[in-house]
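**Q** This is what each chain is made of:
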Amino acid sequence: MTVRRIEVRERVMARNDELAAQVRERLARHHVTAINLMSSPGSGKTTLLERTLSVLGEALEIAVVAGDCQTQNDADRLAEHTGRLVQAVVTGGACHLDALQVNEALDNLDLDRTRLLIIENVGNLVCPASWDLGEQVRVVLFAVTEGEDKPLKYPKMFEKADWVVLTKTDLLPYVPFDEERALRYCRQVNPKLQFIQVSAMNGHGMAEWFNFVRQTVGPLVSA
Amino acid sequence: MHELSLAIEIGRLVEEKLGESVARCVTVGVEVGTQSGVEPSALEFCLEAVFSHPPWTGAKPAITRPDGDIFQVSYFEIEDDDGPQD
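As given, the protein sequences belong to chains V and R, one line each in that order. Each residue of the first sequence is one higher than the one before, counting from 17 in the numbering used here. Each residue of the second sequence is one higher than the one before, counting from 75 in the numbering used here.
No lab work stands behind these hints: they were computed from the structure. Note that the structure is a prediction, hence the values are computed from the model and not measured. Among these hints, one or two may not hold up.
Heads up, incomplete: computed chain R residues facing chain V, CB under 10 Å, no partners named [unchecked claim]:
(1) HIS76
(2) SER79
(3) LEU80
(4) GLU83
(5) ILE84
(6) VAL96
(7) ALA97
(8) GLY103
(9) VAL112
(10) ARG139
(11) ASP143
(12) ILE144
(13) PHE145
(14) VAL147
(15) PHE150
(16) GLU151
For each residue, glycine too, the CB sits at the ideal point set by N, CA and C.
One chain only, chain V, in its complex shape:
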């Protein structure tokens, strides 16, 4: 018996990254921009999306892929705000969406009649950071009810993000949240981060969020 060593040096995430590249190419063919929306559970992804769909859903032809460990409650909630299809992905316990799930979800969407795809990831500040889904923009929600040091505790999520949306700002008078410190920690982890502060409840900052969404989609490209 001889033991032989075979060098591999292959990244474990390589296959997901390949699939993410396929998603990216597929979306580009249909002139669709994709946002990967991530955060801890309960920081307001679905509520922000409800408002976004109500105001911009038709104009920007927004499609949503909503991931959850169990139930399609979020997809059902979102569907009330749009006539457009909201595709639920139940991960069956998995803590993140992967590119294969997104690619399969795209089969059910009319990409020719979609300009913006918003992927609502599973609520989790750890795992989703590692999985490229083929998006152009990564947005992390950070609720003022969370600790200011979340960026330091979960640096990878904030390192990989492009934008941080500080949510639930209507609660600022009632919670001991030091906004300045939170933003400083964000910048410490990733100096390139950009910020929007919103309350989907009282509407504060929502105009800025809608502008961001409009700019992300960009002008209409005729097919």
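With chain V fixed as given, assemble chain R onto it according to the hints.
**A** What follows is chain R alone, placed relative to chain V:
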């Protein structure tokens, strides 16, 4: 948290490289960077579960912890049945 799906992917990678070979895989070397977000002891546990089935039966994970966010299969070792010598 997602170590089981990572372990399955590592198994798939090794299986792909093994191809049609009938050699027995004895060791799989995995580099789990300290910033990779992967928990090495959970991964080891999951790899042992994956490696309890063919075509990996009996393979042992060999996890190393380099700096940075690298997460890769660096090598695997196979035991060849030398067969009759020339």
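**Q** Run every hint past the structure and note whether it holds.
**A** Status of the hints after comparison with the structure:
1. Checking HIS76 (chain R) against chain V: minimum C-beta separation of about 5 Å stays under 10 Å; hint holds.
2. At its closest, the beta carbon of SER79 (chain R) sits 7 Å from a beta carbon of chain V; the interface hint therefore holds under the 10 Å criterion.
3. Nearest Cβ of chain V to the Cβ of LEU80 (chain R): about 6 Å, under the 10 Å cut. The hint holds.
4. Of the supplied interface hints, the one on GLU83 (chain R) holds, with its beta-carbon coming within about 6 Å of a beta-carbon of chain V, less than 10 Å.
5. Interface restraint check: ILE84 (chain R) against chain V, minimum CB-CB distance 6 Å, threshold 10 Å, status holds.
6. Interface hint status for VAL96 (chain R): violated, as the beta-carbon distance to the closest one in chain V is roughly 13 Å, over 10 Å.
7. With 10 Å as the threshold, the beta carbon of ALA97 (chain R) comes within range of chain V, its nearest partner Cβ sitting at about 8 Å, so the hint holds.
8. Interface hint status for GLY103 (chain R): upheld, as the beta-carbon distance to the closest one in chain V is roughly 8 Å, under 10 Å.
9. Hint on VAL112 (chain R) holds. Least Cβ distance to chain V is approximately 8 Å, under the 10 Å limit.
10. Violation of the interface hint for ARG139 (chain R) is found here, the shortest Cβ-Cβ separation to chain V being roughly 15 Å, above the 10 Å cut-off.
11. A hinted interface residue such as ASP143 (chain R) counts as satisfied when its beta carbon comes closer than 10 Å to some beta carbon of chain V; here the least separation is about 8 Å, so the hint holds.
12. At about 8 Å, the closest approach between the beta carbon of ILE144 (chain R) and any beta carbon in chain V falls short of 10 Å, and the interface hint on this residue holds.
13. The restraint placing PHE145 (chain R) at the interface with chain V holds, with a minimum CB-CB distance near 5 Å, inside the 10 Å limit.
14. For VAL147 (chain R), the shortest C-beta to C-beta distance to chain V is roughly 5 Å, which falls under 10 Å, so the interface hint holds.
15. Checking PHE150 (chain R) against chain V: minimum C-beta separation of about 6 Å stays under 10 Å; hint holds.
16. With a least beta-carbon distance of about 5 Å to chain V, the hint placing GLU151 (chain R) at the interface is held under the 10 Å criterion.
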